[in-house]
Every structure is written in C-alpha cells, then in structure tokens.
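A.B. asks: Following the hints, position chains P and D against chain E.
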Amino acid sequence: MIIGVDYYPEHWGKEFWIPDADLMRKTGVGIVRMAEFAWSRLSPKEGVYTFEWLDEIIGIFRERGIKVILGTPTNCPPRWFCEKYPDAIPVGRDARPNPIGIRGHRCYNHPDFLRHAGDMIERMTKRYAKEKTVVAWQIDNELEANFCFCKRCTEKYRAWLKEKYGDLESINKFYGNEVWSGEYSSWEQIDPPFGTYPAAWLNPAYMLDFNRFASDDMIQYVDFQAKIIRRNCPEAKITTNVWFCENMPDFYKTFAGLDFVSFDNYPPTKIPEDAGQFYSHAFHLDLMRGIKRQGFCVMEELSGEPGCWSPMGRMPYPGMISGYSLQAFAHGADAVVHFRWRTAVSGAEMYWHGLIDHSNVPGRRFKEFEELCRVARGLKDIAGTQILSEVAILYSADNEYAFKIQPQTNGMYYLGQIRLFYEALMKYGLNIDIIGEQEELSGYKLIVAPEMYVTDPEVVKKLYAFVKKGGTLVLTNRSGVKNKYNNCIMEPLPAPYRELVGCCVLEYDPVGYDHVAVRFADGSNYRAGQWCDILKPEGEETKVLACYNSEFYKGSAAITENKYGSGTAYYIGTVGEQEMYVHLLEKILQECGIAYIEGLPDHVEITTRTGKDITARFLFNNAGEVRQFILDGKEISLQPFEMRIERSDIK
Amino acid sequence: MIIGVDYYPEHWGKEFWIPDADLMRKTGVGIVRMAEFAWSRLSPKEGVYTFEWLDEIIGIFRERGIKVILGTPTNCPPRWFCEKYPDAIPVGRDARPNPIGIRGHRCYNHPDFLRHAGDMIERMTKRYAKEKTVVAWQIDNELEANFCFCKRCTEKYRAWLKEKYGDLESINKFYGNEVWSGEYSSWEQIDPPFGTYPAAWLNPAYMLDFNRFASDDMIQYVDFQAKIIRRNCPEAKITTNVWFCENMPDFYKTFAGLDFVSFDNYPPTKIPEDAGQFYSHAFHLDLMRGIKRQGFCVMEELSGEPGCWSPMGRMPYPGMISGYSLQAFAHGADAVVHFRWRTAVSGAEMYWHGLIDHSNVPGRRFKEFEELCRVARGLKDIAGTQILSEVAILYSADNEYAFKIQPQTNGMYYLGQIRLFYEALMKYGLNIDIIGEQEELSGYKLIVAPEMYVTDPEVVKKLYAFVKKGGTLVLTNRSGVKNKYNNCIMEPLPAPYRELVGCCVLEYDPVGYDHVAVRFADGSNYRAGQWCDILKPEGEETKVLACYNSEFYKGSAAITENKYGSGTAYYIGTVGEQEMYVHLLEKILQECGIAYIEGLPDHVEITTRTGKDITARFLFNNAGEVRQFILDGKEISLQPFEMRIERSDIK
Amino acid sequence: MIIGVDYYPEHWGKEFWIPDADLMRKTGVGIVRMAEFAWSRLSPKEGVYTFEWLDEIIGIFRERGIKVILGTPTNCPPRWFCEKYPDAIPVGRDARPNPIGIRGHRCYNHPDFLRHAGDMIERMTKRYAKEKTVVAWQIDNELEANFCFCKRCTEKYRAWLKEKYGDLESINKFYGNEVWSGEYSSWEQIDPPFGTYPAAWLNPAYMLDFNRFASDDMIQYVDFQAKIIRRNCPEAKITTNVWFCENMPDFYKTFAGLDFVSFDNYPPTKIPEDAGQFYSHAFHLDLMRGIKRQGFCVMEELSGEPGCWSPMGRMPYPGMISGYSLQAFAHGADAVVHFRWRTAVSGAEMYWHGLIDHSNVPGRRFKEFEELCRVARGLKDIAGTQILSEVAILYSADNEYAFKIQPQTNGMYYLGQIRLFYEALMKYGLNIDIIGEQEELSGYKLIVAPEMYVTDPEVVKKLYAFVKKGGTLVLTNRSGVKNKYNNCIMEPLPAPYRELVGCCVLEYDPVGYDHVAVRFADGSNYRAGQWCDILKPEGEETKVLACYNSEFYKGSAAITENKYGSGTAYYIGTVGEQEMYVHLLEKILQECGIAYIEGLPDHVEITTRTGKDITARFLFNNAGEVRQFILDGKEISLQPFEMRIERSDIK
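Residue numbers (my numbering), protein chains in the order written: chain E, 6 to 656; chain P, 6 to 656; chain D, 6 to 656.
No lab work stands behind these hints: they were computed from the structure. Think of the CB as a built atom: it goes at the ideal place given N, C-alpha and C, for glycine as much as any other residue. Keep in mind that the hints are not guaranteed to be accurate.
A few chain D residues facing chain E, derived, Cβ under 7 Å [said to hold, decoys possible]: (1) Glu188; (2) Pro412; (3) Cys493; (4) Glu496; (5) Phe557.
Below, simulated BS3-like cross-link-like pairs (lysine-lysine); rule was C-alpha separation at most 30 Å, straight line [said to hold, decoys possible]: (6) P:Lys19 with E:Lys169; (7) P:Lys541 with P:Lys473; (8) D:Lys275 with P:Lys409.
Chain E regions said to be covered by chain P (calculated; three or more residues, Cβ under 8 Å) [stated by the list, open to error]: (9) 208-216; (10) 402-415; (11) 515-526.
Chain E extracted, bound-state conformation:
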C-alpha cells in the first residue's frame, strides 16, 4: 500500500528540496502530488514558460524512487490572465463576477481560458510524457459543478436544454411551466437561477435540470483535459480529486472517463463529548470505492489541525493520522496521500496544518506518520485485494440534488438517512458497498435503497427483478415521489414501488424536529422523527412490523414487510433513531442469511479485504477510548484509533 504526500516545491526555497526529498525517502513516502496550483510559476507571463524547476524537483524524486502525480494547474490561472481576460472570471448568482484572490477563478467555458489551459496541459503532458516517475495526472483541483452564471455558461445551459428536449413545448410540458405563467416562448427567456433565495422557491423541475447541466458541464471540462493528457501520456493514469462540496457533480459520470477515483479525506479532529455523535468517514470511503467499484486513492488526507476556511480546529488525537489512513485502506483505498508535507508559512491556507509544522521541526504527528509508513510497507500483500460485500446501499446524484432543492422537512438530509442504514450495518462488522442506483445488483443478497425520491423507470424495473429472484430490498419513505423531471407522480405513494412493498401511503406527516413513538411487534419502542408515512398494508403477504405509538394515527403501520416473488421487500415509513435500524437490520440479515458479527462495541469498525491468496480483516477503533470485546472467542482490546490487521491465508 502506498503512502504519499502533497508537496509544494514552489512554496519553498530550493534549499529545502533535497532535504525534504531525503526525509521523504527515509520515511517511506512512495508518491508525491505536485503542481496543481503552480500555473504562475510555470508561466509567469503570457508566452513565457518556466518548467525547469519542475523538471528539477521531479528529477530529485526520480533519483530517490519516489513517484509523482502531477496536477494540471488550471484551478488558479495567473493574475496576468485575469487582468487580460476579466470576463473569464466566473459570475455569481448576483450576476456579477466573483471577486478574485482566493482560488477557482476561472469559467469552465471561457474560450481564452480553455485555450490557455489547454496550452498549459499540452506543454506539461508533452514535457513529462516519457518521464516514468510521473505515474498519474490529477485534473484541476476539487472541482465543483458549474455554477458560473456568465453569458457564455447561460448559452451552454440553453444549448444543453435544446439538445435534451428539442423544443420549448417539451420543456414547458415536462417542467409544468403553466404554473405562475412560467411558460417559455423563446430560448432567451431561459436563465440560470439568479438570486439568493432558497432553491425551493423556483420550479423544482427547472432546478433539477440546472443541477444536472452544472454537473455535465463540469464533466465536459474534465473530459477536455483528460483528452489532452490521454493523447500525450497514454500510459499515465488520470483522476481528479473530489469531496463533498456545495455544488457536487455526479461522481459516477465524473469518473466514467477517468482511470481511478481520488478523494480528499478530512475526518473531524474533535472527539465529541457525546460518543454517540462520533462521525465515521468509513461511509465516505465506501461511497468512493463504489463509484468505480474498485480501489481508489485518497489524494488529500488529514495531517494536522484544519484551519483557513474557519478558525482552527482541534489537534489530531494521537493515532488519528495513522488510524484514518489505515481506515482508508480498510475500505478499499490503495494509496493515501497526506495533505501536506509541511505547513505553509504564507497564504490563506497557512493554518491547514501539514505533517510538519511551520517550524520545520518534525514532531509528534510526523513520528506517527513515520510509523504509518512502516506499517503500510508491511501491507504489500494486501495491495490490490478486494472488498467483497453481500450488502449494497444505493445512492443517486439526482436524489442528492432534488432533496437539496426541496428540503422535505426540518432535519431531513438525504445522506443522513443513508448513514442511518450504513452505521447500523457497520455495527454488524460487515463489508458494505455503496453504489450508484444505476449499477448492476447481481451478487448482492440485500439492497438498501433509502429515499428513492426521483424515479428512474429502469431502476424500478431492476429492483422488482432483484426481489423477484430472491433478493431482499429495503425501501423507505419519500420513495417514488417524483418522476424523472422532478414532478410529483399522480399515484398513491410509493407509486411505482407500491406492488413491490405491498402497501401504500394513506397520508404523511412531515413531523420535522418533533418526535413520535414507534412500537415493534416484539414490544420494543423507538423514537422517530422527520417524517411519518401512514401505511395501509395491501398485499396478501404484507406484514406490519411496527406501528406508530403516538399522534392521532397511533396504531397505524409504520414499517412493513412483503413477500414478492422469491424475495422480500421492506418499507420503512419514518426516520427512526439509530438503534431502530440496528434492531430491524439484525432480523433482516438473519433472514437474508448474511453472516454477521454480534456484540461489537460502538465505533469499532470491521472490514475484510480479500485477495487471491489472502484474507485480511481490519479491526479499527474509531473512538477516543479503549474498546474491548470478544471476537471469534478471543478478547480484543483496541487503543483509541488503533487499527489491527489480521491476516488469514485462503485455504
């Protein structure tokens, strides 16, 4: 397994380069990412190119056997570019150019920007095409879907719509534009969503399409870069580094044309006072692995106190830096690149701490990193192994967008409900896949599909087939609400899934922050909130698993189970506390015949990687306290953030 660092030679005098590279080699650093913000150093003036320093530092790494990932430096065009092409600065919702001075100051669609960026990438890729040390390319940095509102992007949005719908009549029809006299009679009437009011105030069909366009348009920009890189460096791997940002692209489409996924992974450093509030990034890591259903790379990994975009956060607790790297391996990463080697002494990010402090004196965190490198070297046999899972959770970019556009009720978040299932499954020590809703489902015993809100008929068909053939499916409230245009389906909910789950929603109560009681047939009680579907069981084999135990609909069904074909479909009409899912899923796992581990303490995470000849079980304590438990008859004790890796040969 590879441990790397993000390194900014351009931030440091040359006198630092060789000592830094020597220390990296000694420590066991295998790869270095560079150059993604270095445009002004590679081309300080229009037409002037100064690649020599980059040649030199690449050479330094080559000599020490350290591989290099190069970033295309297109996130930050130099000031000379901004001065010359002021209208290449992205335009905000207020119809005015964003102020520059931070980063990301380039419109993906400005022809001069594309010309200059293309030229830079062309030169870089040609220059390093034969350089074996450069093993991969990162496109730009932390790209977001295109929320530039300039005239050029507006034109592209109109063109995107024209290609999708052909004519305005279709748009008016599929958007329901008759509401509030919103019918378009010319293409020029279509604008991006200017203004800062909540998205919910605008037509949700229009808004969902705008989000899709914004994602597609960003991907077009990714593909523009990938094409140049591919042409000049056909053997190098290509990626871009994503994160959970405000304007998220569709991750599945983003990486369709790229070679591997990379992710910027910054788990919170604060240990919560209420241990129940501990947040695991395992969820994000599994989601990343699921994008291409293969190993991935962490391109930026926690290395010290975060700062810069807000006041500084807590110092990483001993074990966190190492533990969270190993956690990434445990969930399918094959390389983890730490951000960053040394903390910057200038610029806005000077308090986003690296492995080494401003003082350049390696300290506690660096020692932990050294130990991590040592451990990672011992994991060579695990590289390339797989994470095999019988359970998958479905995720959909359309749902992500649609719920952001129209928040259903106070406290309800799409990813929040997905996490409730994820964390309940994690309590049972399972490998869990998180995959796109469009993915193939064969091979899974259990599919959990929370809030299937925007409906893709192909997905519906696939889920029916999955259950019919014997699979187990869990569906929830807010499924089947919308057609693919983001308009409501005129059928009783869960509309297309009604037959599958054998029940329908008589009425719903958006309870928001209020609490209701849910009672299971076995007498166990749970608190629920956010939403209550009042269910009417309809199928011959529909069983009521739990009822509401408060409100005027006390006694009405809240959770049902239905036989369909050879399989089973569950419907959960409300959003319960974490324990409710733990309770319910144990029953479901048993009925699916999925082997699971009982009695794991909170925040102990167990996953397994499987290779041709080896199985490695990762036991991780993602808590600030020692955890003790019995596993396979043996007593295990894990220190805070300790990762234990148990190998067994495949017999």
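C.D. replies: Chains P and D alone, transformed into the frame defined by chain E:
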C-alpha cells in the same frame, strides 16, 4: 354559508375538468376561484389571446351551479413580456432588478406593464361581463405595498411628496432634516431607502412617509384595476386577497374602493408542546372583519400541509380543516374558499397541499372537507348575520409601520401587544371588534387602544370625547410618543393623552427581554417585560391600580385609572404576561357593565352572530385536547378543533 | 475637572438657545461641543455660507463663560454635494456606492470632497481663529480606517504599496504570492479585498497590509484637516473622537499629530444577571490614556438609554451617569463631555437619549448630572494630576488587525485576552497602563504582553533588554507566530521569545469552546480553553508553574517561569478562566515587589492620581449592589456606582 375552492384548470389536462367539477358539485362546493396566475395561458404570445379554455371551464361550473371568482392574472406577466420589457421587473434595495422565476415580477408603475395588464383585464371583464356565473373579481394576488426601487417608482415617490408637502422647505422642516446635514435642496436628492441596513438607521419621518407612499401607490394600482372591472362588470363584486406580509398596505385604504375584504388564512398546523403557545387566528379574522366592518371572505384557507417557501410543516390534525373554516364563519366570514382543490404536481408550490393529494385519491382531509360542506349547508340561516360587539380594539397602519421602522425594545411587537388584550378578552367569551383608529366609536362601551404611538389629532379628540360621554378607554405605554410626521412630541408622555389618563411618564425603562415584577393593590403579582413607564399620577381622581415590585423604581405606579367626564381611562405603563390582562380586564368589564362568561378553559373561543330572527353562538375548541366546561349551567365537552353552533330564536 | 455637553443648536429653534445656555451655566457645564454634523446649515447651497447662527450661539456661550469645541462638519456633506459628485460616495466591498441617508457618506480621497471640506474648514477656522471661547477642534466624527473600495482609493492603495515595497517582486516575495498562483505581474492586478467572504480566505499578508493602508489613509485625511486648523488657529487644541469600531485605525499613529485623545464612552446600561459578567469600561479608559500617555477627554459620555442602531437598551441605573463620568476621571480623563444635552426629537438618533428627555423636562438623570457637575467643581485640585503605574500591558494595532483577519480558534479575541490580565490586575487596586508595544518601557516593574502575534524585531529587542535589566515580563500563547508581513516564522514557537522564556511549544491544540484543566504546583485547579500550547522547558532556570490536567497531554507544562538576566519572564500557554490570572498575578506582583491591595470585592475599582502636592485615591463600585470591604483598616461601604475620592497631601 359558502364553501369554495381555489382551482387551477390550467395545471391539469382537460380530462380532469369534468370529474373535478362533478366531485365539487357532489361535495357541495359553492364557488371556485380561478385564473389569477394564468396570464401565459390566456395570452401565450403578444397579441394572441386564448380565452376559450377559460370559457369552457366556466361553462362546466355554470352547468353545475357553481359560482366563479376570477382573478386578474397580473401577478405573473408571461415570459414574453419580461423578455420584451426587462425594465418592467421590480428593482430591489440593491438598485438591481429582482431575479425572476418566482412570481410578482412586475413594477406597478411601468407603462408597458400597465398597458398590457389593462388590456388583459379589459378583455377578460368584457368577455365575462354577462356571465352570471362569474360573481366576483379578485385583483392580482396577495399584493404588497410598493417596494420597487426603480427610477419610475422613485419619480412617483417624489411626486407623492411634492403633492403632500408642496416644497422642500416643508419636507426639511417636518422631517427634521437638519440632523446629519440631511436637508434636501432639490427633488432629485430624494431616493427610496436603498440598502439593506435596519430601517432604524434612516430618518424615521422619511421612512414612515416612504411606507405610506408604498401603500398608497399599491392602492393606486388596485384602483386602476378596479376601475376597469367596475366599468365592464358593474354588478360583479370586487376584492383583493390580503395577508400579513412583510410590506403590508394600509388595509383600510386598500378596501375603501372595493366591495368586500378577502383574506388568505393559514393557521399553524403544528400543535405546540406548550399549550399556552397555541396561536389563534381568531385575531386575524376579527381584524379582517373590522376593515370594512362587515362580512368578509377567506379566499385561501388551510387544506393540508404547508410547504414550498420552507420545508413542509405538520399535517393538519383531524378537525383542523373543518374547524378553522367554521372559526372564520364564527368571526364574520360569509364564504371560505379552500386553497386548493388538488395539490400541484409541478411548480414550486407542489408541497403546499390541497384538499386532495398528488395521487388524486381523496383521503382523510377530503372527507373532513365533505363534512364541512355538509355543515355549511346547514348554516344558511346564519349567512348575513352580524357580529355585535361592545368592545373594540384600535389598530393603525401608521403604528404598524412606525414600530417596524424603529423597534422600541427587544421582544416588543405592535401586533403582539394588541393580541395580549385580544386574547384576554376572548377568555371572557366576548365578541371583539378590531377596527381602524379612524373609525367611529359610538356604540362601544370599551375601547382598548394599545400603543397609540403615531398621533392623529382627530383620533385624540375622538378618544377624549368617547370617555367624556361615559366610555371606558384603555391606553398603554408608547402612546402619544410621535406626531404624525413620526417625530417625538416635546411633552411629557403620554403627551396628548396626559389629561385623559391623569398621569404622566416620569421616565421609562426599555427592559427588553428582562423581567420586572408588577403588584396589584389586591396583592396579585405578575411578570412584565419589554417596557416600564414610571408613572406619576396627577389627576384628582387618578388611582394607582398596580405598582412595580422590582427594580430601583419599586413602588412606582405602573397602571392607573382615571375618571374623565363621565367615563374612565386606564393607562398600562408596561407589558405584562397574558394573565395580567385577564385579571385587569375582568375588573374593567365589570365596571363597564359588559356581560361576560366566566371560567372558560384556555383556547375555547365563543362568539355570537346575530341576525334579524336568530342568534347563533359558536363554541370552538382551538386546542389539540378535549375541553370540558360548564356554560349556562350545562356541561359542554368539545373535541379538538370542534365547533358547536347553538342557535336561539330572537324572542 | 471639566464637565461638558454635546449640543446641537441646529436641531432646535432659536428660542431654545438662551434658556439652554442659562441652564448649562447654572448647572455647571464648562464646555460644549458643537457643529460636527452641521455642514448643510453652514452651507445650504454650493458657495452660500451661513455662519451667523454659529456666531450667535458661540456668543451666547461666551457671555456665560462656557468654552466651545467645534467639530469640522465633514462627516456629512450636504445633499447638494452628493447630488453634484455622486462618485464621492464611498464604495463598498460589493464594488457599488454605499446608499446614503445615514452618515459618513464621503470618500476621504475624492478631490472634490477634499476641496469642499478644505474650504469649509478654512472658512470656519479663519472665522473663529480669534474667538477665545473656541478652545479646541474635533476633526470629523468617529472616523474609521478607509474601507472605501472606489477606483481612487484603489489607486492610493497601489501607490502606498509602491512606496512601501518599490517593486512587485518584493510584494510577491513578502506576501508569499506563489500560493494559489497569486503572483502580481502588474500593479493593476492589485485590488482592495472585494467580496464578503471571511477575511481568512484571502492572503493574510495582503490583508494585514490593506488594514495598515486603510489606517494610514484615514490618518492622512486627519492630517489634511489638522494642517488647516493648525495654520489658522495655532493656539487651539486639536483632537478627533475615536471608539472601538469595526474598521479601527491605529490609535497611536492617529493621535501622533494631534494634541489630545478623545473617546466616545458608552458603558453598557444593563446590569447583568450574572454579576461576574459585569463589564468595566476602565479598560477602555486606560487604553485611551495610554495612547499619548497623558490626560484625555471623553467627548461623548453616556447620558441615557442608548437606541437608534438597535432597539433601545435599559435606562441607566441611578448613579451610573455620574459614576461613569467620575470613573473616567479616575482613569486619567480631564474632561468628560456628555452626549447629549437634550434628546433629539427627529432623525435616526432620536432614541439615543440625552440628559434631558424629549419632553424638555429635566428629570432624574438631569438631577444626577447636576450633582456630578457639583462634584466635578470640587475636583479642581486634581486636574492635571497623573496616573503613575508600575505595570503596563502592551497593545498593538497590528495584532488587532491580524487576529481579526485570521481568528485563531473559536472564542479567542485579542482584546479578550488582554482584558483577562487587566481585570486580574484591577482586583489588586493597581494603576494600570495600557500602552502601545512600540512605547518605552523604562519605569515599569511588570510588563504584560499578551499574544505578541505579529513580530516587530525592535519590540523583541526591547523586551529582552527590559527583562535583562531586571524587569518582569508575562508572555502568552500566540506570541512570535508571525513576522511583520504576517507570515509564519519558521522556528519553534514562541520563535524570537524562545530564549527569553526558556521554553518552546512542542505542539498546540486549538481547543476553541472546549475546556481543559490546568493544575498549579500548589494544587489549585483552573478551567482553560481556546488554546493549549504544549510546552517544553528548555532553560536551566525554567520552572514549570502549571501543567495541563486533562487531554492526552495531561502533565505537560502549560505555564512556565524563566530567569533571564536580572529579570523574569513568564509564559502562559493557554487561556484560563479569570480566577487563574488573579491567582498567578498575585505571585508575580509579590515577586516584582509591587504593592497591592488584598481582598477587594468584585467590581470595586481603585486607582490613584498623583499631582505635585496631592494624591487622590478613587474608590468606585462598578456594580448594581452595595459593596463593603476593609481598606487600610477602615470599613468602606459603597453604593451602586458610587465613587469615593480620598485625598491625601503629599508629605
């Protein structure tokens, strides 16, 4: 009594129209409001008119004996209009056109908008002039005072000032513009209040006038429409639907030229955990009745979960939909139109639920509505009856504006203090009028005049005369503070009312969220807050009813009573908890000789409508629990939101 | 000692002038400030001047022996000016002119504004040059550093940079502009910090320089005015009135060319429910005295309820108005001017209450003011006496800016930490100086230097010398972090102070709102938060005074003491609760040999003024309750806000 629905034929395929209308007839729907957002369907392109569909649906209703209210569709000009006349879009405080895509995207003063709107209204009214089914017209929709800051509106504001004051010298004088060198030396120096800082940072005299202008200017737009409708449809009734919005117009002036008041009534659907926090819309309904001192119409009434402008709220509790409609009748409405027949499946308002859900399967709420229609049919004898009251509360648009411009202290709201009196009176089962301060007072025994802040000398004169002739008046803190220009009066408070109440304010303490103690002569103690006037009784017959019992002014008078002429004037120098008003008003009611009911439980509302031959008493339980009590010796039990109507013939 | 009032003759009819002046004389008012907003009354049209009314009112005061301070009325140019020169209105971060209608609507750098302002000051100063009654001039009003973003100010910012750095290469180097490709290649690429995101998102070196420019540029405007006044009125004293505003200038540089400091002093009127939260303005007063290290003037002093910029606050408690004026004397003021004589009846500030209410009937507050005047007359012998202190706290404008630009952690404020020391010292009844970090330190026994964040090498040198010669120094966390460009110093913290304090910071934990435990060698325990430096004692004589007693670094040093030369340097690595400083400073005072008072109750403030022949001790109870204590063997009892002054002749 009439029950109606708001209906959007343009949102649904024609195949829905006849089934919908049939179901309405069967259910007992008496009236339908339509067309107030349908401009793009009535004129899809400039010069093209497509009224045929509206003819058709009106015909369908005509055939079923259902009357129609038509809205002028001027709230939402079509996109072709916006494209052709971009400067007809209202301009915000930031001096830039508001983004469009929601609604209300038209400047009341743009000549091309007025020309197109006038033409549309002209055509509609001519077309349906002879159509007896169309019984009323609604002007635009939920109009707000004119806060457009475009050049045209700025000119109109200057012209309004010129007409009011004649010259700049007067403005400078009456505004006190010598402060901060704010003196105007040309009309062009006068702008609307650009910028987003608090209103209090600007000259309050200027701000009050701007609010008055904004209201007057909206009313001019109403009158522009009313004139066309009146000319073509002299027999139809004209209204516009108001609500408590951010930029409220003066309701009294708004309806001066119209035939009846209509109101959009959305009581909260969440039952508060603290029953003491239950909010009654009775107050709003009585305020609406008081605008023209006659029966009114609810043009939009709660029908399901609210949503769209924020995440969805709670589902209406059983009984709410019916109960709140009947509550409107109990407070003087003669028609209640429910918003809306069926929930929209597209557009931003798709989660503002109607009587029928997206599924088009009528459910629990629709059943309740059916029952409501049945009940309403049984109330024919009550239609046109009156609500007679011996008590009136005064309200003033000027005060509303002036308190919004300069919030006096934390927690103090003008309507909030009015409600404290209103709810205390409601505890005694009284009919309560809420009337404009300019209204005639004869016939009342008790006038409650909270916070008579901006002084109209005519009103002062009237109140003196009212008390002199034997009336009882309750005045409060923050009365007589301002002259009609919104400048402070240079006299000890309550300035013009000093003689009437027989006391003056030595000093005041804006206590805000802090609490003080108030002690009555009978030893009862109450918590007060927000404001403390330290009173000095001055009249020969001034009695101190209560003193402060905390702070350094402990022992100073807080509430006084004064004989004046044949009547009595009370002055309440602080803002107490609800119970303080209940306590004090019992004494006052007794002294006025107003009969009242004792011992009503919280949230039981009793009002009486009186006709020539009949008296009907409405008993309403506005709480989520059963209420039991004794009335006239009989035990009464009311379910949550139950309305019981007791008739007695006039003997 | 002089008591004065702020008076606005232009707000009142002439019929008020003589009665007002007579009452002032009778009451004992010694000085009146006028005219700082009166431009439109002095020049109602371009080229028209109307000084006669000002002549007249000055004459009225002259006849009554009342001195006058005149304000230059440049804060508010008249509307005719704004109409004629719309681009003289300051431009905001959104690159658009600020809306006018409040005040401060002038760009310091607009040539027409400077021409008109210069002309007005020229005329005023010439007119009153011989008028002995006019004893001082106030420049403009409550000036803020120049945050105008207009083209003209942008040019000046570039010129300021050009003068400071000479070339772009230096700027790029000292700013670390290689980060995010921020390197300038032309001067036109340098803009002020447009946009409303947090300052921390921009390059901190750039931001600190912009703050310095903004301060310098305001001072240039001050000097422009001072030069005219000085030329025409060489004998008059010149000042400007400052306060703790959002865009603070460097106070030390601001007053370098002026004659005395003046300050607008508005202590909070609300007595906190938690007495521990009582806020003393003593800190601000001492900071003001320290600016020029001489007596100062309060130019605006609390006189009644504050209002206008927010809802009204509480009425001043009896004793506050008098007590807070005397508190200013106790901390070195020689004159206190009350804002304002009578409350305005028009304009936005009508609820910022003066001594007399809107009614013009003097009340409780005015009686207190009369008594204050009487007391002040009895303090003639104290005028001109000095406040001698053995302790100084250092303050730096650079730190103020730099911490605002990059908040270090939740809850940490520069002035907040300074106050912790200040209030601990105040518990010991000491005179405390607060002085600029650039000041001479000789004469002090103890220097407290909290958060010496931005490093001035001269200051470092001075502090080493101070300790070497036997002084005692207290340093804290976040010292030596930045070089003078606001970039991080590449050395272990506290970098330049490492040798002096004999320890270094191994690592730090930005704990923010979390709490940690600190334990002293004597077993006493305190709560700390915000920040934890984990210290490594390095010197031979370094002692650990306290350790952390929680977190994984439990047992690590938190507070150290080091002998250096003949002196001692303490380093406090965390931010403790108030009591921790009280505990620690007692030890330090003892070791320094500074005499102090023991056992003072909370909020009793004792300071001493010393003259040639007299010593006056001021005993002030800054609390809402009686305070009793023993002092010099005598029992003292102080009423709320009571000031007792004890004289003793110098023997």
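A.B. asks: With reference to the structure, classify each hint as holding or not holding.
C.D. replies: Taking the hints in turn, this is what the structure says about them:
Interface restraint check for glutamate 188 of chain D: the shortest CB-CB distance to chain E comes to about 4 Å, inside 7 Å, so the restraint holds. Among the interface hints, the one on proline 412 of chain D holds; its C-beta lies about 4 Å from the nearest C-beta in chain E, closer than the 7 Å criterion. Here the hint on cysteine 493 of chain D is kept, as its CB sits about 4 Å from the closest CB of chain E, short of 7 Å. With a least beta-carbon distance of about 5 Å to chain E, the hint placing glutamate 496 of chain D at the interface is held under the 7 Å criterion.
A cut of 7 Å between beta carbons decides the hint on phenylalanine 557 of chain D: the least distance to chain E is about 6 Å, and the hint holds. At roughly 27 Å between alpha-carbon atoms, lysine 19 of chain P and lysine 169 of chain E fall within 30 Å of each other, so this suggested pair holds. At most 30 Å may separate the alpha-carbon atoms for a hinted pair to count; lysine 541 of chain P and lysine 473 of chain P meet this at roughly 22 Å. Proposed proximity of lysine 275 of chain D and lysine 409 of chain P is supported: the alpha carbons are some 24 Å apart, at most 30 Å.
A stretch counts as covered by a chain when three or more of its residues have a beta carbon under 8 Å from one of that chain; for the region 208-216 of chain E and chain P the count is 4, and the coverage holds. Three residues within the 8 Å Cβ limit are the bar, and the region 402-415 of chain E against chain P gives 5, so the coverage statement holds. Under a criterion of three residues with beta carbons nearer than 8 Å to beta carbons of chain P, the stated coverage of the region 515-526 of chain E is upheld, 4 such residues being counted.
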